[in-house]
Amino acid sequence: AQSVTQLGSHVSVSEGALVLLRCNYSSSVPPYLFWYVQYPNQGLQLLLKYTTGATLVKGINGFEAEFKKSETSFHLTKPSAHMSDAAEYFCAVTSPGGSNYKLTFGKGTLLTVNP
Amino acid sequence: GAVVSQHPSRVICKSGTSVKIECRSLDFQATTMFWYRQFPKQSLMLMATSNEGSKATYEQGVEKDKFLINHASLTLSTLTVTSAHPEDSSFYICSARGTSGSNTINEQFFGPGTRLTVL
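Chains A and B supply the protein sequences, listed in that same order.
Residue numbering for the first sequence follows this note's numbering, beginning at 1 and increasing consecutively.
Residue numbering for the second sequence follows this note's numbering, beginning at 116 and increasing consecutively.
Since the hints were derived computationally from the structure, they do not count as laboratory data.
Where hints are given, some of them may not hold.
Under the rule of at most 25 Å between Cα atoms (straight-line distance), these lysine to aspartate or glutamate pairs were calculated in the DMTMM-like manner [claimed, not checked]:
1) A:Lys69 - B:Asp180
2) A:Lys107 - B:Asp203
3) B:Lys129 - B:Glu202
4) A:Lys107 - B:Glu222
5) A:Lys68 - B:Glu174
6) A:Lys102 - B:Glu222
7) A:Lys49 - B:Glu178
8) B:Lys156 - A:Glu15
9) A:Lys107 - B:Glu178
10) A:Lys49 - B:Glu222
11) A:Lys107 - B:Asp142
12) B:Lys129 - B:Glu178
13) A:Lys107 - B:Glu174
14) A:Lys102 - B:Asp142
When you get a sec, could you build the whole thing from the sequences and use the hints?
This is the structure we're talking about:
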């Protein structure tokens, strides 16, 4: 069984400030981890993913995340927030090796960026 | 990257009617497709997983006779909401994974979603 916990359903930052969105997971096997972004009335767009190898993963739009096995975390960061970053962010986990790579999502974090 | 489309993007229907939503993979062969449901300000809930040519596997609590899923080809899956009621109003999102040439795509690519409103 696997699960994802996103701490903070709503995060508000000022434009130019650091963005930190928290994600903790539980998985009985080494996981694959993902961060997705969703704009209103749209589907999900992949920001970045961790599968194996380097634990610091860089994604699109200046976002990055670090896989910390000891902390079972995969927090998403961006050094300087932009107004266009305002959206809903979802962390997800899957167990590699399964035939379908079924994703389990966190409840999401709404990011607002203030001018 | 791989592209997944959905049609229609929005649909409004009367209570008791059936609605079909299409999900297509445009540039890869989708051996597996997933259907999700998302209520306002909530996360995605997996409804079912379908492998091409096989019956869909439904998650616990999802009525398979109400949400009919067909995955008859490697590029198309359909979700039919039968005898729709207002409580079926939601945002439905599909995703797909599969192969492109000789490469296996081990991540899900998501469609843009379909907003269903049942009056």
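How the hints compare with the structure:
A distance of roughly 42 Å separates the Cα atoms of Lys69 (chain A) and Asp180 (chain B); the hinted pair therefore is violated under the 25 Å criterion. A C-alpha spacing of about 20 Å is found between Lys107 (chain A) and Asp203 (chain B), which places the hinted pair at or below 25 Å, so the restraint holds. Only pairs whose Cα atoms come within 25 Å are accepted, and Lys129 (chain B) paired with Glu202 (chain B) is accepted, the gap being roughly 12 Å. At roughly 20 Å between alpha-carbon atoms, Lys107 (chain A) and Glu222 (chain B) fall within 25 Å of each other, so this suggested pair holds.
Between Lys68 (chain A) and Glu174 (chain B) the CA atoms are separated by roughly 30 Å; this puts the pair beyond 25 Å, and the hint is violated. Simply put, Lys102 (chain A) and Glu222 (chain B) have alpha-carbon atoms about 9 Å apart, close enough for the 25 Å limit, and the pair holds. A C-alpha spacing of about 32 Å is found between Lys49 (chain A) and Glu178 (chain B), which places the hinted pair above 25 Å, so the restraint is violated. Distance hint between Lys156 (chain B) and Glu15 (chain A) is fulfilled; the C-alpha atoms sit about 23 Å from each other, no more than 25 Å.
Taking the CA atoms of Lys107 (chain A) and Glu178 (chain B), the gap is near 23 Å; set against the 25 Å cutoff, the hint holds. Straight-line distance between C-alpha atoms of Lys49 (chain A) and Glu222 (chain B) comes to about 9 Å, which keeps the hinted pair within the 25 Å bound. Taking the CA atoms of Lys107 (chain A) and Asp142 (chain B), the gap is near 30 Å; set against the 25 Å cutoff, the hint is violated. Between the alpha carbons of Lys129 (chain B) and Glu178 (chain B) the distance comes to roughly 20 Å, so the proposed pair stays at or under 25 Å and holds.
As the CA atoms of Lys107 (chain A) and Glu174 (chain B) are separated by approximately 18 Å, the hinted pair is consistent with the 25 Å bound. As the CA atoms of Lys102 (chain A) and Asp142 (chain B) are separated by approximately 21 Å, the hinted pair is consistent with the 25 Å bound.
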